[in-house]
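Listed below are the residues making up each chain.
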Amino acid sequence: MIKVLSSGFYTTIQDLGRKGNAAYGVSMSGVMDTNAARWANYLLQNTQESAVLEVTYGGCKLEFLQDVYICITGADFSARVDEISIPLNKPTKIRRSSVLSLGKRVYGVRSYIAVLGGFQTPSIIGSRSYCKGITQDTVIKRGDILPIKPNKKASIATNANIKLDGSYMYNETIDAHVGPEFNLLSATQKADLESTPYTISHNNNRMGYQLNEPLCNDLKSMFTSAVLPGTVQLTPSGKLIILMRDCQVTGGYPRILQLTEQSINALAQKTTGDGFKFELNFHHF
Amino acid sequence: MVKNLNYKPFGEKAILIEWEAQISNEILRDIVCFKQHILKAKNNQISDCIVGYHSLTILYVSEIENFNVEIDELRNIYLTKSLDGEHQPRLWTIPVCYDAGFGIDLVHLSNTNKLPIEQIIKLHSDTIYTVHFIGFLPGFLYLGGLDSQLHFPRKSSPRLRVKKGSVAIGGSQTGVYPQQSAGGWNIIGNTPIPFFNVHQNPPCFASSGDKIQFVPIDVEAYHKLEQEIESGRFHLKAQRIND
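So the sequence lines, in the order shown, correspond to chains A and B. Okay, so the first sequence: first residue is 1 according to our numbering, each after it adds one. Okay, so the second sequence: first residue is 1 according to our numbering, each after it adds one.
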């Protein structure tokens, strides 16, 4: 078990999310950066569905009540165990009573802490991912006891030869397919979308990222239809909203772009004020 | 009934199918029927189907390798689908207490639309509503069929807390808040019936194409029903009807 000494700014349990219940209005949820989370589970030889801790902006402190192997991937928040730095992207054995802390940000926004065997918090509608309206807890809190599996492995292969290409976290290009309503845009709007350097507004969270730069909009409103993580909506006031993993399942704003899965991961490692440009992908047909 | 449908890729793993842009029960029936045939033919390839007013979005488990091939297969399912499997809708009867203690916007609605409260309740509970789809919140039903005399604009500033079970009107729509949430609709009553339960499979009793009718109950009946639900003695039942 792991005891939460300090929750940090926004820390949740996540896995690969809920499938099969969108028709009942259930959000997909799941890790914001699937790339980093899968990597952490892979290095520990966990199944890829194993639940991990998603730590947003660092600041969390955990006390281990048992020995266990962990692996931290994604953003770098200067992880330390009992004040000694530990490496990212490498399985590390943590001794009982040790304290892991994530502090000063070096790069990225979301860190993933995987433990051997995965976190064992309750699975609700087929997933352990925290989500408002679905799970009792929506963030971890000081004093929480997070259940994990008893440590059985004496050692774990630390395969030093495999390296994660983390360059996607710095990427200032966000790849997107054209969305269902893209063709309703004028030539000027389309050109603006491709040429504008966009920045992320302070309204960014697991549900969506709003952008600072508006796109002039004269599209008619539309009947409510499906939206997905990665859908870029154009609101009546011209604000662009990129939906993320906890987004609703339906929406009524034109869906002008659809981010690639890799670009959702890249965006998950960006925050307020960070900039990028869209690169549009027309190749489907 | 064969309609002219539009198929669009929607990211790497989804296909959006669109009908003519209008809200109609006929289109909804076609969407639900098509959805069932797709699920029958491709069950293990599909993770989710999301219905909209005139659309159906198919989410695949893996990336779609060739959209043209996949869309051809869907077209083929549509053209060869039989109608005998067509959905015979379920009618769910939902008891609602329209007492002023729950229906906190009833007086305002009555004054503005110049309708006596009894008439509002009658119009609201006489109609059989159609469940178009579920969205916004888990278990929030998008219902079609609200009488035009009851159309009423959303509040200009939403309430931060709308009680779970609140029955409300927003514009030309009516619905039930499945959980406490912020909301800008006008509240006319409350139902003790839970619309979403994470411990049930499926978590919501209704699905696209079903019918809903509200039945007025008094405060006493409301509390009695509330207790029955709490103690697990109440089970919501539906009847099959011809659409």
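Source of the hints: derived by calculation from the structure; they are not laboratory data. It cannot be assumed that every hint is accurate.
Partial pick of chain B residues on the chain A-facing surface, computed with a CB cut under 10 Å [to be verified]:
(1) V61
(2) Y78
(3) L91
(4) T93
(5) P116
(6) L141
(7) S181
(8) G184
(9) C204
With a straight-line Cα cutoff of 20 Å, these simulated SDA-like cross-link-like pairs (lysine to any residue) come out [stated by the list, open to error]:
(10) B:K13 to A:D82
(11) A:K19 to B:S62
(12) A:K19 to B:V198
(13) B:K163 to A:L280
(14) A:K93 to A:P147
(15) A:K132 to B:K40
(16) B:K13 to A:Q248
(17) A:K220 to A:Y168
(18) A:K239 to A:Q262
(19) B:K164 to A:K19
(20) A:K19 to B:S47
(21) A:K190 to A:E213
(22) A:K132 to B:V198
(23) A:K3 to A:Q48
(24) A:K19 to B:K40
(25) B:K13 to A:T188
(26) A:K61 to A:Q45
(27) B:K13 to A:L280
(28) A:K3 to A:K149
(29) A:K190 to A:K61
(30) B:K13 to A:N217
(31) A:K220 to B:Q200
(32) A:K19 to B:K13
(33) A:K19 to B:D243
(34) A:K132 to B:N197
(35) A:K190 to A:F276
(36) A:K277 to A:I156
(37) B:K13 to A:T34
(38) B:K237 to B:Q200
In this text, a Cβ means the ideal position worked out from N, Cα and C, and glycines have one as well.
Do the hints match the structure? See the list:
1. V61: Where the cut-off is 10 Å and the nearest Cβ of chain A is about 8 Å from V61 of chain B, the hint holds.
2. Y78: This interface hint is violated because 18 Å lies over the 10 Å limit.
3. L91: This hint is violated: L91 of chain B lies away from chain A, its Cβ roughly 19 Å from the closest one there, beyond 10 Å.
4. T93: Not OK, violated: T93 of chain B not within 10 Å of chain A, min 20 Å.
5. P116: 32 Å, violated
6. L141: With Cβ-Cβ at 9 Å, under 10 Å, it holds.
7. S181: Where the cut-off is 10 Å and the nearest Cβ of chain A is about 8 Å from S181 of chain B, the hint holds.
8. G184: 14 Å, violated
9. C204: Since chain A brings a Cβ to about 4 Å from C204 of chain B, closer than 10 Å, the hint holds.
10. B:K13 to A:D82: With Cα atoms ~44 Å apart, K13 of chain B and D82 of chain A exceed 20 Å; violated.
11. A:K19 to B:S62: 12 Å, holds
12. A:K19 to B:V198: Holds. K19 of chain A to V198 of chain B sits at ~14 Å (cutoff 20 Å).
13. B:K163 to A:L280: 43 Å, violated
14. A:K93 to A:P147: Holds. K93 of chain A to P147 of chain A sits at ~17 Å (cutoff 20 Å).
15. A:K132 to B:K40: Violated: K132 of chain A and K40 of chain B sit about 32 Å apart, past 20 Å.
16. B:K13 to A:Q248: 18 Å, holds
17. A:K220 to A:Y168: Between K220 of chain A and Y168 of chain A the Cα gap is close to 36 Å, so the pair fails against 20 Å, i.e. violated.
18. A:K239 to A:Q262: 23 Å, violated
19. B:K164 to A:K19: Given pair K164 of chain B, K19 of chain A is violated - Cα atoms ~25 Å apart, limit 20 Å.
20. A:K19 to B:S47: 6 Å, holds
21. A:K190 to A:E213: Answer holds: K190 of chain A to E213 of chain A is near 14 Å, not above 20 Å.
22. A:K132 to B:V198: 12 Å, holds
23. A:K3 to A:Q48: 24 Å, violated
24. A:K19 to B:K40: Holds. K19 of chain A to K40 of chain B sits at ~18 Å (cutoff 20 Å).
25. B:K13 to A:T188: Violated, because 29 Å separates the two Cα atoms, which is more than 20 Å.
26. A:K61 to A:Q45: With Cα atoms ~25 Å apart, K61 of chain A and Q45 of chain A exceed 20 Å; violated.
27. B:K13 to A:L280: 17 Å, holds
28. A:K3 to A:K149: Measuring from Cα to Cα gives roughly 14 Å; hence the hint holds.
29. A:K190 to A:K61: Judged against 20 Å, a Cα distance of about 46 Å means the pair is violated.
30. B:K13 to A:N217: Between K13 of chain B and N217 of chain A the Cα gap is close to 28 Å, so the pair fails against 20 Å, i.e. violated.
31. A:K220 to B:Q200: 39 Å, violated
32. A:K19 to B:K13: 13 Å, holds
33. A:K19 to B:D243: At roughly 30 Å apart (the allowed maximum being 20 Å), D243 of chain B and K19 of chain A break the hint.
34. A:K132 to B:N197: Given pair K132 of chain A, N197 of chain B holds - Cα atoms ~13 Å apart, limit 20 Å.
35. A:K190 to A:F276: 16 Å, holds
36. A:K277 to A:I156: Outside the cut-off at roughly 41 Å; violated.
37. B:K13 to A:T34: It holds: about 15 Å lies between the C-alpha atoms, which stays within 20 Å.
38. B:K237 to B:Q200: The hint holds at about 15 Å.
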